[in-house]
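Colleague: Chain by chain, the residues:
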Amino acid sequence: MKFFSEVGKYLKMIKGMFSKPENLKMYWKEFMHQCSEIGIGSLGIVIIISIFMGAVSTVQTAYQLTSPLIPKYTIAQVVRDTVILEFAPTLVSIVLSGVVGSKIAGELGNMRVSEQIDALEIMGVNTKAYLVAPKILAALVVIPMLVVLGAVLGIWGGKMAGSLSGIISTDEFNKGLLMGFIPYNTFFALVKAYTFAFLISSIPAYYGYNVNGGALEIGRASTKAVVVTCVSVLFADYLLAAIMLE
Amino acid sequence: MIEVKNLKKSFDGTTILHGVNVTMDPGQCNLIIGASGSGKTVFMKCLVGLMPPDNGAILYHGKDFVTMNVEERKEIRKEIGMLFQGSALFSSMTVEDNILFPLDMFTKDTKKEKMKRVNAVLDRVNLEGSNKKFPAEISGGMMKRVGIARAIVLNPKFLFVDEPNSGLDPQTSGLIDQLIKDITIEYNITTIVNTHDMNSVMEMGDHIIYMHLGKKEWEGTSKDIIFSKNELLNDFIFASEFLKDAKDMRMLEETGKVANERNMADLTHDDAPELVPPQEDEENPKKDQPE
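Protein chains in written order, with the numbering used here: chain A, 10 to 255; chain B, 6 to 296.
Rather than coming from a laboratory, the hints here were simulated on the basis of the structure.
None of these values were measured; they are calculated from a predicted model.
Computed footprint of chain B on chain A, listed as stretches where at least three residues anywhere in the stretch have a Cβ under 8 Å from a Cβ of chain B:
1. 21 to 33
2. 126 to 133
BS3-like, lysine-lysine: derived pairs with alpha carbons at most 27 Å apart:
3. Lys137/A - Lys79/B
4. Lys83/B - Lys38/A
5. Lys83/B - Lys68/B
6. Lys249/B - Lys220/B
7. Lys137/A - Lys21/A
8. Lys34/A - Lys79/B
9. Lys24/A - Lys83/B
10. Lys38/A - Lys79/B
11. Lys233/A - Lys137/A
12. Lys50/B - Lys21/A
13. Lys38/A - Lys117/B
Even for Gly, the Cβ is constructed at its ideal location relative to N, Cα and C.
Using the sequences and the hints, build the whole thing.
Modeller: Given below as structure tokens:
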């Protein structure tokens, strides 16, 4: 029952975001601020994990493809598809669930506890629209960009690791990248990225917005937000794969 | 003016407000006092619309706030300013940006006009020159004053103040009380203050509402409190021996007699005012209005 009650409250929060902005300029300013917070704030970690996940993919794929009958460019094909289909959207999103999710939940939780949200409400500001909607919209714009960047850097990292360790030359890797490429995979990755972006921003916003108590509760809400977001991302990942990759 | 009619609120079967009726006039400091758990915070949250009441009416300019639609509520809220217990300043913004926020959100004034208004309210709360400081860089008393400046920047008609003196020293508390009182008169605002502080009660209380277990137990002025025979109110207000003595001294000055047959010798000193014969009771206005 508690699960349905929580889902109901979550949907109510989402519905509450849709109202006429009191001042479009202020909402735009907040949206741009959130784009910078979410995008620039997560750029470093996304670059690092993307390069390493591509590099590790190349090394591990080469380790498993022991047969001399399988051409080496297959490594590039495997790295390309795993990075585009799974690693870039899902792994980056899981990391962002922690980085962005805890930030959103903590920020809104602190605003709730210190009565800043109440202060905005009393001024006549729709706090769901002003505080939550720009975060979700910013995530929907920025996170797919980070996923695309992650995919590009992942493949580049794989190529560099293959070349530096002597597993596969860059020419052969490039040849593999172009062979048998299915553009639909990119579309699928973007659908995942948008879905995850919504979950990564809206679930922590829900937990942060509804914090009740003090500093301890803010910490608990942040932890719960990250855990629920990670599980939701994994569940959505499976669901999308089952629906779209038949 | 705010009129509250038969306001009721309960949580999970526990009734917090049992049909409160009260009228609050402009240009007055309306103080809501009561022990912890008496329902005064819930009462204030209902008044400002942070909590929907179960029953009753809250009339702003004669219109019921409870039954208003979202747009009507937004219009009323533009006339409301509130100072929170913890000031509720936006921690990531400077003092100036905190005060600018309502102006940016709700007015179409030019930047120059807005800055003029910000500096005017900062001057009014004696914080000129603090524009670029962040809330973390200023004292509790200054934060309260910034909160007041933000609350009055849009020229509100209603000012709500929650525990204005919590965490402040007596001297700063006195300054904040005086500031709230002055602003109330100057702007002809209907001010509603939620407080525990007895100094505030005596200094600001144009209209005091004492709440006990979710009911309006008593209402009157700060002068009336001295002569009140309401036991619950007296137990709450004059809880310490020091305050009982202070009350008796004030009664002694005003009427020449003390309450509850207390020992006058305990109260009088060599330099104490000379005792005068007690006045007749009919000369002492009795304004106890228990529910």
